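Q: Grab the two chains, each in its own frame, and use the hints to assemble them into the complex.
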Amino acid sequence: MIEYRSVTKQFPDGTLAVEDFSLVLPSRQTTVFVGSSGSGKTTLLRMINRMVDPTSGTIEIDGVDIATLAPVNLRRSIGYVMQNSGLLPHRTVVNNVATVPLLRGVPRQKARENALALLDTVGLDRSLADRYPSQLSGGQQQRVGVARGLAVDPNILLMDEPFGAVDPIVRAELQQELRRLQVELDKTVVFVTHDIEEAFLLGDQVVILRTGGQIAQVGTPSEILANPADEFVASFVGADRGKRALHFENHNGSDILVDSEGRIAGVIETDAAASVPPPQSVSESKAGSVSGSGAPAQGGDQR
Amino acid sequence: MNWVWSNLDLIWDRTLDHLVLSVPPIILSFLIALPLGWLANRYRISRGIILTAGGLLYAIPSFPLFVVLPLIVGISIRSPLNLIIALTLYGIALLVRVVADGLASVDADTRQSATAVGFSTWSAFWQVDLPLAGPVLLAGLRVVAVSTVSLATVGAVIGVQSLGSLFTDGFQRGIQEEIITGIVLSVALALFFDWALVMLGRLAMPWTRRGSRKTRSPGGPAVQSEPDLVRTATR
Numbered sequence: 000m001i002e003y004r005s006v007t008k009q010f011p012d013g014t015l016a017v018e019d020f021s022l023v024l025p026s027r028q029t030t031v032f033v034g035s036s037g038s039g040k041t042t043l044l045r046m047i048n049r050m051v052d053p054t055s056g057t058i059e060i061d062g063v064d065i066a067t068l069a070p071v072n073l074r075r076s077i078g079y080v081m082q083n084s085g086l087l088p089h090r091t092v093v094n095n096v097a098t099v100p101l102l103r104g105v106p107r108q109k110a111r112e113n114a115l116a117l118l119d120t121v122g123l124d125r126s127l128a129d130r131y132p133s134q135l136s137g138g139q140q141q142r143v144g145v146a147r148g149l150a151v152d153p154n155i156l157l158m159d160e161p162f163g164a165v166d167p168i169v170r171a172e173l174q175q176e177l178r179r180l181q182v183e184l185d186k187t188v189v190f191v192t193h194d195i196e197e198a199f200l201l202g203d204q205v206v207i208l209r210t211g212g213q214i215a216q217v218g219t220p221s222e223i224l225a226n227p228a229d230e231f232v233a234s235f236v237g238a239d240r241g242k243r244a245l246h247f248e249n250h251n252g253s254d255i256l257v258d259s260e261g262r263i264a265g266v267i268e269t270d271a272a273a274s275v276p277p278p279q280s281v282s283e284s285k286a287g288s289v290s291g292s293g294a295p296a297q298g299g300d301q302r
Numbered sequence: 000m001n002w003v004w005s006n007l008d009l010i011w012d013r014t015l016d017h018l019v020l021s022v023p024p025i026i027l028s029f030l031i032a033l034p035l036g037w038l039a040n041r042y043r044i045s046r047g048i049i050l051t052a053g054g055l056l057y058a059i060p061s062f063p064l065f066v067v068l069p070l071i072v073g074i075s076i077r078s079p080l081n082l083i084i085a086l087t088l089y090g091i092a093l094l095v096r097v098v099a100d101g102l103a104s105v106d107a108d109t110r111q112s113a114t115a116v117g118f119s120t121w122s123a124f125w126q127v128d129l130p131l132a133g134p135v136l137l138a139g140l141r142v143v144a145v146s147t148v149s150l151a152t153v154g155a156v157i158g159v160q161s162l163g164s165l166f167t168d169g170f171q172r173g174i175q176e177e178i179i180t181g182i183v184l185s186v187a188l189a190l191f192f193d194w195a196l197v198m199l200g201r202l203a204m205p206w207t208r209r210g211s212r213k214t215r216s217p218g219g220p221a222v223q224s225e226p227d228l229v230r231t232a233t234r
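So the protein lines, in turn, are chains F and C. All the letters of the first sequence, read from the start, carry residue numbers 0 to 302 under numbering that gives the first Met the number 0. All the letters of the second sequence, read from the start, carry residue numbers 0 to 234 under numbering that gives the first Met the number 0.
The following block holds chain C by itself, in its conformation from the complex (with noise of 0.2 Å):
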């Protein structure tokens, strides 16, 4: 422990490094990722075109990726950016998906009604699909977070200070309590995120949390157990 004690300062800058780089990724993507998974929803042309695309985008491994990027963008291999755009695009290509899927899964009967009582399909998308969306979402946000957090430790490899910085200059200085200190760091960082998002959704989905008391089959008619007959008469 020794080491931890006299290196805090240096910790707490690659985690703050790490933080750069992660965070920027999980919300730019999944602000990028809404618009284009809507549009993977809405046609079934575009549906094709555009999850087959995240697909293969997921498919690239990330060190060619870094290699490449730069030379695209025309920025250093050792700037944050690269980083920053290689692991936004690898979060795209998850939450496309998962965008397109959680908006399938809204119920057509809602939807349905909520264009006929006004709503504009903008109004919708904000107000209805999207919100009835979140779990869906979310799940996959979570999976991103994660994701995005062990990615960024990769960065050490091509000179992009993080959280991975400490184990690759343990390794090479042969300090065992730096690589620890860093595998240690990163899990505790993903834990972080993963449970932010779900208290954030807790705050954003208050009508997940309450459990419903009774399973209505959708669409089937007259399912109306005992209990419900007496409730409604007891009020």
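Okay, chain F solo, but in the shape it has when bound (with noise of 0.2 Å):
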């Protein structure tokens, strides 16, 4: 469990990042920080590791004050990924997996082994291992990318706009394989992106941010979407243009669903007991005219 209290930073250049934050991130969930830029979200992921100190307030990590810990031992026992991936050009894809257990001296030998596990469990082939980052796609960067944040089996995984730079079909790929890992792994993640689609999909609580790190609300993506705290959360989410308002039309006896713009979202699968769906069967269904349309929903009742 991350726990913030009543965390501020101010950097030296008097810009106020974040003001007076409380907050609880549980154990074993996805926590998904969301805001447009300025909002402080970057800035809240780094405290976790100590890349950027608060000015006031403390973090704790499981009941620790991270204060009291040494930076450098405690960002290598956290995963971090990052957008462009971040890896080192100079060093193979197994080497740049392998970094930080190398760092904190496990055997070179035994390094290796675990790096190329670990490019299994990334969905990457073996054969890339000694390969250089810059012969790498971008989607293969940033899955080497989440790789190496989970080399040292971390509890705490940190993901700073991870998926922000590759098109949106790898993207979309790669969203897909987070939730897998997620499944598989049960890490701690805390997850910044701008992207409300992205935080509603990956998300087990969704924190949004306005300017300045305040917190306009936080709960799971069906409660926010259900009930937007206010105007602002209301705008971010696109419920008050009515983008995610679905209604049923006719066309030649089967029901069509269809979004606020007219365009098809699905069909209502007719052998289907309930007369209203349940929005998981409509996003698994979905023509793909309306990119995500269901999948809010489905990422908040996923667990």
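Do not rely on the hints blindly, as some may be mistaken.
[As the list claims (entries may be wrong)] A few chain C residues facing chain F, derived, Cβ under 8 Å:
#: 1; residue: D108
#: 2; residue: T109
#: 3; residue: S112
#: 4; residue: A113
#: 5; residue: A115
#: 6; residue: G117
#: 7; residue: S119
#: 8; residue: V127
#: 9; residue: L202
#: 10; residue: W206
[Unchecked claim] Some chain F residues near chain C, calculated using beta-carbon distances under 7 Å:
#: 11; residue: R74
#: 12; residue: Y79
#: 13; residue: M81
#: 14; residue: L102
No wet-lab data here; the hints were simulated from the structure. Small disclaimer: the values here were computed from a predicted structure and weren't measured. Glycine included, every Cβ here is placed at the ideal spot set by N, Cα and C.
A: Here it is, written out as structure tokens:
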């Protein structure tokens, strides 16, 4: 469990990135910080591994104030995945994955074996092991980044807009992979994004941030979608524009689900017992004309 | 060529002298420039001071330096050590800036991610900054190697034996072959050092050899070309 206690961060230039922020991030769940730039989301994330130290307030991991821990050791115990992968360009894929175990003194041979196994975990072919990052595609680099984050088998995995720089198709693929890994590995994941769809897809707990690290709303995706706390949240999740409202239209005897802009979002399966289908089945049969139209509810109901 | 055949021993000795004079300065100046360049890159104030000092040092003409240095250090003007120290100073003057620029050329994102995964300042310097500054350092070292080999010949003027002694001696005694031998061997030695450094660089920096198949715009969002998508899909 990670707990922020009235955390404030003011940068030397006077910018107040985060003010009096308090929140509990439950263990073995994914918490997503979502907000536009200037919302302090990355600052909040970086405070967990002491890349940024708060001006006031404390952060505790499982009851231990992290200000009392040595930054370098703390960072070696927490997985970190960033945008543009942040891989070391002069090390091969397998050595990049083994970076932190090697820093922690794991014997080279063992570190390499573990790293190869991790390539399997993140869905990369072992034949890529001895290539350099520049020889991989953006999506592959990002997978290596995730593997590196997992290399010391950390309890906590920090992800700073990890899929921000890959194209939409690869991003969707990586998001699904991450969901699979969440189920498989059971880590406490802290994820930062500006993409609300991504937040709803991946988050057990979603934290919507205003400028200055103020919490606009915290909740599961379905809670937020069902009851936006205010107009800011409603507009952020797109509810105010009726963007997420779906309705039926009957075409030749079968029910078609149509979104607010008249595009087809899916069909209603006729053999479903209920007249109103659960959101899950909608998303599974979505026609794809509206990306992720049913996905938010699905993310929340997953566990 | 008769002169060459009958003086092979002399030529070999002068070549060895030349190596003794030029190899230590190249290595020493690099080792000394490393911490200085790091310091220059680390703090704004030290950058100004160190780089200006380096520039001034290089502006000192070699001959006066050879004369003044023994007075400061307390050695004979004809001691090879005199020349080695002078050449080391010139090397440092050139390399400090190279090291500072090389370290500054390391991608900020890469540095930050190294810190984020748990590199200490010390381990990041040796395992991340230094190797990534490698190509710039190598370019600087090549310049220093060549300039040191050519500067070492000047030692002949103050009586320190080197390949330069072949052309001072040749001039005095009017032996053209000796002069040419001195020049050709100096150039050959410089070229050899340059080649050796390039080879060393290839061994030490294998990642610069392999062709990068794709150029990623740093920090730019979502630029992935079509072929990449295809590759991702087929693998």
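Q: Now tell me, hint by hint, if it's right for this structure.
A: To see whether the hints hold, each was checked on the structure:
Against a cut-off of 8 Å between C-beta atoms, the interface hint on C:D108 holds, since the closest Cβ of chain F lies about 6 Å away. Because the beta carbon of C:T109 sits about 7 Å from the nearest beta carbon in chain F, less than 8 Å, this interface hint is met. The beta carbon of C:S112 is positioned within 8 Å of a beta carbon in chain F (closest approach about 3 Å), and the interface hint is therefore held. Residue-level restraint check for C:A113 holds (minimum Cβ-Cβ distance to chain F is 7 Å; threshold 8 Å).
Here the hint on C:A115 is kept, as its CB sits about 5 Å from the closest CB of chain F, short of 8 Å. Interface restraint check: C:G117 against chain F, minimum CB-CB distance 3 Å, threshold 8 Å, status holds. The interface hint given for C:S119 is met, as the beta carbon of that residue sits about 5 Å from the closest beta carbon of chain F, less than 8 Å. Nearest Cβ of chain F to the Cβ of C:V127: about 6 Å, under the 8 Å cut. The hint holds.
Evaluation of the C:L202 hint against chain F yields a violated restraint, the C-beta minimum of about 13 Å exceeding 8 Å. Checking C:W206 against chain F by beta carbon gives a least distance of about 5 Å; that is within 8 Å, so the hint holds. Among the interface hints, the one on F:R74 holds; its C-beta lies about 4 Å from the nearest C-beta in chain C, closer than the 7 Å criterion. A distance limit of 7 Å between C-beta atoms decides the matter here; for F:Y79 the minimum to chain C is near 5 Å, and the interface restraint holds.
Interface hint at F:M81: satisfied, since its Cβ lies 5 Å from the closest Cβ of chain C, which is below the 7 Å cut-off. At about 6 Å, the closest approach between the beta carbon of F:L102 and any beta carbon in chain C falls short of 7 Å, and the interface hint on this residue holds.
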